[in-house]
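Visitor: Number 161 in the working numbering belongs to position 161 of the sequence shown; there are no gaps in the numbering.
Don't read these hints as lab results, they were simulated from the structure. Every value quoted in this text rests on a predicted model; they were computed, and no experiment measured them. Misleading hints may appear alongside valid ones.
Unchecked claim - Here are the computed lysine to any residue pairs in the SDA-like style, where the Cα-Cα straight-line distance is at most 25 Å:
#1 Lys59 with Glu83
#2 Lys26 with Gly72
#3 Lys130 with Gly101
#4 Lys102 with Tyr150
#5 Lys102 with Met54
#6 Lys130 with Leu171
#7 Lys59 with Asp70
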Amino acid sequence: MRIHSSRVFLASIAVAWVSAAVAADKTDEQLIENAISAAPEAVGKNAAVVNWEMKTLRKGTNGFTCIPDDPGTPTDDPMCTDENGMAWMHAIMSKSAPPEGKVAFAYMLKGGDAASNADPYAPRPPVDGKWVHDGPHVMVMNAPTIMALYPHEPDQTQPYVMFPDTPYAHLMIPVK
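Given only the sequences and the hints, what does the whole structure look like? Please build it.
Guide: Right, here's the structure in full:
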(Lines of atoms letter the chains of each structure in order from A and count residues from 1; the text may use other names and numbers.)
(Lines give C-alpha, C1' and ligand atoms only; values in the text may rest on other atoms or scores of the structure.)
Protein backbone atom coordinates (compact mmCIF):
# COMPACT_ATOMS: atom_id res chain seq x y z
CA MET A 1 0.00 0.00 0.00
CA ARG A 2 1.31 3.45 -0.89
CA ILE A 3 0.94 5.86 2.01
CA HIS A 4 1.75 9.12 0.25
CA SER A 5 1.66 10.68 -3.19
CA SER A 6 4.72 12.33 -4.68
CA ARG A 7 3.08 15.73 -4.04
CA VAL A 8 2.73 14.91 -0.33
CA PHE A 9 6.30 13.63 -0.27
CA LEU A 10 7.59 16.87 -1.81
CA ALA A 11 5.53 18.90 0.66
CA SER A 12 7.07 16.89 3.51
CA ILE A 13 10.55 17.70 2.24
CA ALA A 14 9.63 21.39 2.04
CA VAL A 15 8.29 21.35 5.62
CA ALA A 16 11.47 19.64 6.83
CA TRP A 17 13.61 22.23 5.04
CA VAL A 18 11.64 25.14 6.51
CA SER A 19 11.72 23.49 9.96
CA ALA A 20 15.48 23.12 9.81
CA ALA A 21 15.86 26.77 8.77
CA VAL A 22 13.65 28.02 11.63
CA ALA A 23 15.45 25.77 14.15
CA ALA A 24 18.77 27.17 12.91
CA ASP A 25 17.69 30.54 14.36
CA LYS A 26 17.90 29.04 17.86
CA THR A 27 21.02 28.19 19.80
CA ASP A 28 21.64 24.63 20.97
CA GLU A 29 20.98 25.82 24.53
CA GLN A 30 17.58 27.24 23.50
CA LEU A 31 16.70 24.01 21.67
CA ILE A 32 17.73 21.94 24.72
CA GLU A 33 15.68 24.09 27.09
CA ASN A 34 12.65 23.80 24.83
CA ALA A 35 13.06 20.04 24.33
CA ILE A 36 13.30 19.16 28.02
CA SER A 37 10.18 21.22 28.78
CA ALA A 38 8.15 18.34 27.26
CA ALA A 39 8.68 16.12 30.31
CA PRO A 40 8.59 16.41 34.09
CA GLU A 41 11.72 18.14 35.38
CA ALA A 42 13.10 14.92 36.91
CA VAL A 43 12.98 13.25 33.47
CA GLY A 44 14.04 16.22 31.32
CA LYS A 45 17.09 17.17 33.35
CA ASN A 46 18.76 13.80 32.66
CA ALA A 47 17.43 13.15 29.15
CA ALA A 48 19.43 13.19 25.94
CA VAL A 49 18.40 15.90 23.47
CA VAL A 50 18.45 15.68 19.68
CA ASN A 51 17.26 18.09 17.02
CA TRP A 52 14.89 17.15 14.17
CA GLU A 53 17.86 16.04 12.06
CA MET A 54 18.61 13.61 14.95
CA LYS A 55 21.89 15.39 15.74
CA THR A 56 22.75 14.95 19.43
CA LEU A 57 22.70 18.28 21.26
CA ARG A 58 23.20 16.75 24.71
CA LYS A 59 23.90 13.25 26.00
CA GLY A 60 21.59 11.80 28.61
CA THR A 61 21.71 9.29 31.43
CA ASN A 62 18.13 8.11 31.97
CA GLY A 63 17.10 6.42 28.71
CA PHE A 64 14.84 9.29 27.57
CA THR A 65 15.47 11.49 24.54
CA CYS A 66 13.82 14.88 24.06
CA ILE A 67 13.18 16.63 20.76
CA PRO A 68 12.45 20.38 20.56
CA ASP A 69 9.41 22.07 19.03
CA ASP A 70 8.54 21.11 15.48
CA PRO A 71 8.50 24.50 13.72
CA GLY A 72 6.25 23.01 11.02
CA THR A 73 3.28 23.07 13.40
CA PRO A 74 1.49 26.11 14.87
CA THR A 75 2.15 25.31 18.55
CA ASP A 76 5.20 24.76 20.73
CA ASP A 77 5.26 20.95 20.77
CA PRO A 78 8.45 19.39 22.14
CA MET A 79 8.47 15.67 22.99
CA CYS A 80 10.41 13.35 25.32
CA THR A 81 10.34 9.62 24.76
CA ASP A 82 11.98 6.47 26.02
CA GLU A 83 14.36 4.27 24.00
CA ASN A 84 11.52 2.26 22.44
CA GLY A 85 9.81 5.54 21.55
CA MET A 86 12.88 6.69 19.66
CA ALA A 87 12.82 3.43 17.69
CA TRP A 88 9.12 4.11 16.97
CA MET A 89 9.97 7.70 15.91
CA HIS A 90 12.67 6.43 13.54
CA ALA A 91 10.13 3.98 12.06
CA ILE A 92 7.52 6.66 11.40
CA MET A 93 10.12 9.08 10.02
CA SER A 94 11.53 6.42 7.67
CA LYS A 95 8.07 4.99 6.84
CA SER A 96 9.11 1.57 8.06
CA ALA A 97 7.41 -0.86 10.43
CA PRO A 98 7.68 -0.06 14.14
CA PRO A 99 9.80 -2.57 16.07
CA GLU A 100 7.64 -5.51 17.15
CA GLY A 101 7.02 -6.06 20.84
CA LYS A 102 8.56 -2.78 22.01
CA VAL A 103 5.88 -0.74 23.77
CA ALA A 104 6.94 2.88 24.06
CA PHE A 105 6.08 5.89 26.24
CA ALA A 106 6.37 9.62 25.52
CA TYR A 107 5.61 12.96 27.16
CA MET A 108 4.24 16.03 25.40
CA LEU A 109 3.43 18.17 28.42
CA LYS A 110 3.10 21.33 26.34
CA GLY A 111 0.63 19.65 24.00
CA GLY A 112 0.87 19.73 20.25
CA ASP A 113 -0.82 19.97 16.90
CA ALA A 114 -1.15 17.47 14.06
CA ALA A 115 -2.35 18.01 10.52
CA SER A 116 -4.50 14.88 10.75
CA ASN A 117 -5.57 12.35 13.35
CA ALA A 118 -5.83 9.66 10.65
CA ASP A 119 -2.87 10.26 8.31
CA PRO A 120 0.61 10.23 9.88
CA TYR A 121 2.06 11.85 6.74
CA ALA A 122 -0.40 14.69 6.20
CA PRO A 123 1.78 17.80 5.77
CA ARG A 124 -1.11 20.23 6.30
CA PRO A 125 -4.67 20.06 7.64
CA PRO A 126 -7.52 19.29 5.24
CA VAL A 127 -9.36 21.98 3.30
CA ASP A 128 -10.96 23.37 6.48
CA GLY A 129 -7.46 24.28 7.68
CA LYS A 130 -8.07 23.05 11.22
CA TRP A 131 -5.13 21.44 13.00
CA VAL A 132 -5.87 18.66 15.48
CA HIS A 133 -4.90 20.31 18.77
CA ASP A 134 -3.98 18.20 21.77
CA GLY A 135 -3.40 19.70 25.15
CA PRO A 136 -0.74 18.31 27.47
CA HIS A 137 -0.61 14.53 27.11
CA VAL A 138 1.41 11.36 27.34
CA MET A 139 1.45 8.69 24.67
CA VAL A 140 1.69 4.92 24.60
CA MET A 141 3.02 3.73 21.27
CA ASN A 142 3.48 0.35 19.68
CA ALA A 143 0.81 -1.42 21.74
CA PRO A 144 -1.61 -2.44 18.97
CA THR A 145 -3.81 -4.74 21.03
CA ILE A 146 -5.10 -1.94 23.26
CA MET A 147 -6.07 0.40 20.41
CA ALA A 148 -9.48 -1.25 19.90
CA LEU A 149 -10.43 -0.30 23.47
CA TYR A 150 -10.37 3.46 22.88
CA PRO A 151 -12.18 5.94 20.62
CA HIS A 152 -10.49 6.98 17.39
CA GLU A 153 -11.75 10.55 17.33
CA PRO A 154 -9.61 13.29 18.93
CA ASP A 155 -10.89 14.31 22.35
CA GLN A 156 -8.76 16.28 24.82
CA THR A 157 -10.92 15.09 27.71
CA GLN A 158 -10.22 11.36 27.46
CA PRO A 159 -7.74 8.85 26.00
CA TYR A 160 -8.11 8.26 22.26
CA VAL A 161 -6.17 6.69 19.39
CA MET A 162 -4.17 8.84 16.98
CA PHE A 163 -3.37 7.39 13.53
CA PRO A 164 -5.82 4.50 13.97
CA ASP A 165 -5.66 1.65 11.49
CA THR A 166 -2.01 2.41 10.68
CA PRO A 167 1.16 0.80 12.05
CA TYR A 168 1.70 4.09 13.92
CA ALA A 169 -1.53 4.01 15.96
CA HIS A 170 -0.83 5.26 19.46
CA LEU A 171 -2.80 6.11 22.55
CA MET A 172 -3.07 9.79 23.46
CA ILE A 173 -3.73 10.30 27.19
CA PRO A 174 -4.55 13.86 28.34
CA VAL A 175 -2.84 15.08 31.51
CA LYS A 176 -3.15 18.23 33.55
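Visitor: Now tell me if each hint is right for this structure.
Guide: Evaluation of the provided hints:
no.: 1; hint: Lys59 with Glu83; verdict: 13 Å, holds
no.: 2; hint: Lys26 with Gly72; verdict: 15 Å, holds
no.: 3; hint: Lys130 with Gly101; verdict: 34 Å, violated
no.: 4; hint: Lys102 with Tyr150; verdict: 20 Å, holds
no.: 5; hint: Lys102 with Met54; verdict: 20 Å, holds
no.: 6; hint: Lys130 with Leu171; verdict: 21 Å, holds
no.: 7; hint: Lys59 with Asp70; verdict: 20 Å, holds
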